[in-house]
Amino acid sequence: MLPHYAAPIWLKGGGHLQTIYPKVLALPSVCYRRELLSDSTQETVVAYDFIDAPQTHAPVVVLFHGLEGSSHSHYALTLMHMVKQKQWHGVVVHYRGCGGVVNQSHKAYHSGDSLECEWMLQQLRQRYPEQKLYVMGVSLGGNMLAKYLGEAQNLALADAAAVISAPLDLPMASVALEKGLSKKLYAPYFLRSLLPKATQERHQGKHPHLHWDHLLASNGLKDFDQHYTAPVHGFDNADSYYRLSSAKPVLRHIQIPTLIINAQNDPFLPPEALPTAAEVSACVTLYQPDHGGHVGFVSGPFPGNLQWLPQTVLTFFSEHA
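First residue of the sequence shown? That's 1 in this note's numbering, and the numbers climb one at a time after it.
Rather than coming from a laboratory, the hints here were simulated on the basis of the structure.
Possibly wrong hints are sitting among the right ones.
Said to hold, decoys possible - Okay, the calculated beta carbon distance ranges per label pair: (1) S240 with R125: 46 to 56 angstroms; (2) P54 with H203: 44 to 54 angstroms; (3) S38 with D290: 37 to 47 angstroms.
To be verified - Simulated crosslink set (DSSO-like; lysine-lysine; CA at most 30 angstroms straight-line): (4) K12 with K184; (5) K86 with K23; (6) K107 with K184; (7) K179 with K197.
Please read these numbers as outputs of a predicted model, since none were measured by experiment.
Beta carbons are placed, not taken as given, at the ideal position from N, Cα and C, and that holds for glycine.
All chains, full assembly: derive it from the sequences and hints.
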């Protein structure tokens, strides 16, 4: 049985508050062992941050982070701290240009890059050939993971998976993030790091075909995807990128035990866009609590903690060990 989630009475102010509040909480310290490994283009290296278990054959928990996230994101630290307590192996894999490593490839990363997801899992399966491999994807990383699982079906390189707060319907998520308070809160936060990375690539002479003036004037995530993500990765435009990268259409093809958690009040995806039981395979467990925000899920008495999410995910993995 998965633990039930109920937001604390003192934090029922809505999805935005439940999304932002975790960033002010004190977080556990995690000591990683970093390795730089090649990406699938063989043009750059990316960071893999490891936690090593005392026993070689212990299970391995892999985390795919969200947009502009890292091994030091609040969900990564709380998950990996708990993984270490269980004496399991842990790995946070970073996308191109994330985790403080400069991207030298002609590609960056995006929500639908299931090929890169497969490449990363291949590297880890070679390293851990006999261990159970459990994979968790958060937000952008969750959509990428779910798309990979649906496409790979019974060839997926994981024994179980968890998909957290993923914008599984990217067209609907884009509409939600382009409106009102969501656009004012989240677009500046992400563009603060996305645009400098793009500017650095411009100085390196990459992507001369881009409309750089339009890109650097972006005031929303759809602007950035229209002028950068889509053309850099071969999509016609932002709408085409969203449509072709959404994981929701392939959820019915997933063939490994997979937990999908989405809060009904997640500002990144409206409740009417959440997958239903009829849209997923029998291997998928849907959990859609009323509260939790976007990768929030604070619990406990004030000031609260972030233990519910990693406990729930690791409980699910343990049940399928």
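Checked hints:
Between S240 and R125 the CB atoms are about 32 angstroms apart, so this pair departs from the stated range of 46 to 56 angstroms. For the pair P54 and H203, the supplied restraint of 44 to 54 angstroms holds, since their beta-carbon distance comes to about 46 angstroms. Remark: the range hint 37 to 47 angstroms for S38 to D290 is upheld by a beta-carbon distance near 43 angstroms. Our distance criterion of 30 angstroms between C-alpha atoms is met by K12 and K184, whose separation comes to about 21 angstroms.
Pair hint K86 plus K23 holds up; C-alpha atoms about 25 angstroms apart against a cutoff of 30 angstroms. Distance hint between K107 and K184 is fulfilled; the C-alpha atoms sit about 28 angstroms from each other, no more than 30 angstroms. Among the hinted pairs, K179 with K197 is consistent with the structure: their alpha-carbon atoms are about 25 angstroms apart, no more than 30 angstroms.
Hint compliance for this structure: hint 1 alone is broken.
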